[in-house]
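Fit chain B to the known structure of chain A by using the hints.
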Amino acid sequence: MTPLNGSGEIGKGLSMKNILLVDSTGGFLFSKIGKQSMKVKSELMDGEGITRTLLRLTHEILEKNKGAKNLVIVGIRNRGDCLARRIIKHIEEIEGVQIPLGILDITLYRDDFQRITDRPLVQETDFPFDLTEKRVVLVDDVLYTGRTIRAALGALIDYGRPALIQLAVLLDRGHRELPIKADYVGKNVPTAFGEEIQVKLKEVDGEDKVLLLGPD
Amino acid sequence: MQLKSRHLLGLEGMTKEEIHLILDTARSFKKVLERPIPTVPTLRGKTVVNLFFEPSTRTRFSFELAEKRLSADTVNFTASASSVLKGESLKDTIQNIEAMRIDLVVIRHKAEGAPYFLTRCVNATVINAGDGAHEHPTQGLLDMMTLREKMGKLEGLKVVIVGDIEHSRVARSNIHGLKSVGAQVGVCGPSTLIPREIEKLGVTVYPHIEDALQEADVLNILRIQLERQKGGLFPSLREYRSLFGITKERLDRTARDITIMHPGPLNRGVEIDSDVADSDYSVILNQVTNGVAVRMAVLYLLAGKRAKF
Numbered sequence: 001m002t003p004l005n006g007s008g009e010i011g012k013g014l015s016m017k018n019i020l021l022v023d024s025t026g027g028f029l030f031s032k033i034g035k036q037s038m039k040v041k042s043e044l045m046d047g048e049g050i051t052r053t054l055l056r057l058t059h060e061i062l063e064k065n066k067g068a069k070n071l072v073i074v075g076i077r078n079r080g081d082c083l084a085r086r087i088i089k090h091i092e093e094i095e096g097v098q099i100p101l102g103i104l105d106i107t108l109y110r111d112d113f114q115r116i117t118d119r120p121l122v123q124e125t126d127f128p129f130d131l132t133e134k135r136v137v138l139v140d141d142v143l144y145t146g147r148t149i150r151a152a153l154g155a156l157i158d159y160g161r162p163a164l165i166q167l168a169v170l171l172d173r174g175h176r177e178l179p180i181k182a183d184y185v186g187k188n189v190p191t192a193f194g195e196e197i198q199v200k201l202k203e204v205d206g207e208d209k210v211l212l213l214g215p216d
Numbered sequence: 217m218q219l220k221s222r223h224l225l226g227l228e229g230m231t232k233e234e235i236h237l238i239l240d241t242a243r244s245f246k247k248v249l250e251r252p253i254p255t256v257p258t259l260r261g262k263t264v265v266n267l268f269f270e271p272s273t274r275t276r277f278s279f280e281l282a283e284k285r286l287s288a289d290t291v292n293f294t295a296s297a298s299s300v301l302k303g304e305s306l307k308d309t310i311q312n313i314e315a316m317r318i319d320l321v322v323i324r325h326k327a328e329g330a331p332y333f334l335t336r337c338v339n340a341t342v343i344n345a346g347d348g349a350h351e352h353p354t355q356g357l358l359d360m361m362t363l364r365e366k367m368g369k370l371e372g373l374k375v376v377i378v379g380d381i382e383h384s385r386v387a388r389s390n391i392h393g394l395k396s397v398g399a400q401v402g403v404c405g406p407s408t409l410i411p412r413e414i415e416k417l418g419v420t421v422y423p424h425i426e427d428a429l430q431e432a433d434v435l436n437i438l439r440i441q442l443e444r445q446k447g448g449l450f451p452s453l454r455e456y457r458s459l460f461g462i463t464k465e466r467l468d469r470t471a472r473d474i475t476i477m478h479p480g481p482l483n484r485g486v487e488i489d490s491d492v493a494d495s496d497y498s499v500i501l502n503q504v505t506n507g508v509a510v511r512m513a514v515l516y517l518l519a520g521k522r523a524k525f
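Protein chains in written order, with my numbering: chain A, 1 to 216; chain B, 217 to 525.
Capping the alpha-carbon separation at 16 Å, the derived lysine to aspartate or glutamate pairs in EDC-like fashion look like this:
1. B:K246 to A:D126
2. A:K39 to A:D216
3. B:K247 to A:D126
4. B:K521 to A:D118
5. B:K521 to A:D112
6. A:K187 to A:E60
7. A:K39 to A:E195
8. B:K247 to A:E124
9. B:K247 to A:D158
10. B:K374 to B:D433
11. B:K246 to A:E124
12. B:K247 to A:D130
13. B:K232 to B:E371
14. B:K395 to B:E228
15. B:K220 to A:D118
16. B:K326 to B:E382
17. A:K41 to A:D216
18. B:K366 to B:D473
Quick list of the computed label-pair ranges, beta carbon to beta carbon:
19. A:A163 to B:S287: 24 to 30 Å
20. B:D496 to A:N188: 56 to 62 Å
21. B:E365 to A:F129: 20 to 26 Å
22. A:P215 to B:K220: 29 to 35 Å
23. B:D491 to A:E95: 50 to 56 Å
24. B:S287 to A:G47: 40 to 46 Å
25. B:E365 to A:K66: 40 to 46 Å
26. A:I157 to B:K326: 43 to 49 Å
27. A:L153 to B:G229: 39 to 45 Å
28. B:E250 to A:G67: 27 to 33 Å
29. A:P215 to B:Q311: 47 to 53 Å
Residues from chain B that keep clear of chain A, each with C-beta distances beyond 12 Å, as calculated:
30. V338
31. K366
32. K416
33. D433
34. L453
35. R484
36. G485
37. N502
To be clear, the hints were calculated from the coordinates, so they are not data collected in a lab. In this text, a Cβ means the ideal position worked out from N, Cα and C, and glycines have one as well.
Isolated chain A, as found in the complex:
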């Protein structure tokens, strides 16, 4: 198991036989696979671009929910939680209220435990509030197969019965394997299977940047 530097849903194209479900939250490439070398094809967003996009997403969230009443933001580890924190900060700037942050680790809800032998690290899930009757905005960096979101929904429901759950993502790269759709999308990026989107955030990687990588 090799933790990757950046995030992004890495996956299918490299070698269909070996790659199991690998997603933005886990960010794992299983050890036997041996990563094919990837080169940067283009920069999809820079730091300012990320900030502008998040600001727009924040306005959309507030518009659709008619303010911040009963709103909670839940970020999915390992980068969704950073984005969630930034959105909360923007909401504070706009509405002048502090809304609660939840951090979700979906490892225990993955659907591929029967297929993998190596165990991803289980990190803490942190909900300092009751979800019942809350309007939950789930935040992740990249929407890809939809399996991470399916797992996150399963986990959320075990914490209570929210009034509704919405999904906000920084990027949607397509290739869905489940009927899941985001309510708020920062940027739609059509990608090929072999490609990889790497989201770098200051809190984790020291810089803000979104890169599109492809096979060398």
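Frame of chain A, contents of chain B only:
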């Protein structure tokens, strides 16, 4: 980071990194246990057999709860209600059970090495829940989890294990585990109950409890089994208490902050007094809570590891 072995037979030989991986994972599971719905779907479809050839309440209950919290299917086996009474051997018993397709076996047995023997008869992953006077690895792990939680670290801590070291699997697992993570370990008890040459494990022997109290950050107090006294290894429970019993008086006299642990069940008024067991020094009930989280972590990390052919 993964565990090297697909079985958990003991803490002997386990690296510091492996132990911390289990404890970190257990910390996340402890959070799961605090939720309104403390169950996760992770081990759905896995079948675990709890094979208990020796009586146990705490450990068996704790394992069973851990398995259920992870959504595994569990089957319980107690020797007193099985064909073992009709003379069936351990090998036949387990091979018959495995023929029903199981993934993990949790075993407690009075014979040292019984879990190792099982690994040679079956393909399932084997977890040792106590084998004779050999090891009780999940107890060692939950003790370390409780200590790490309370003290913030394990490295450099001075832990003294008090009581019947000779017959104690808890002592052995604690010694191996604590040494591996860089703690200092001492043992204290009647000389008839301290194994000869135990110093070779890198352990300090304290013949007198007063000396141990002067140096220890933590006392792990073992249960004194009444049958040992009947076997003539020490004269009387009253004498044991006066020489090695942990009383409030003794603790107060040291004027030091010493954490008190005990794997249970307690013999109140023998190895530990009630006012010590129920005091703020004591983390005995935290040990029980952490037991479930540690066993969930072990099951999670081992389930799904396949046999190498």
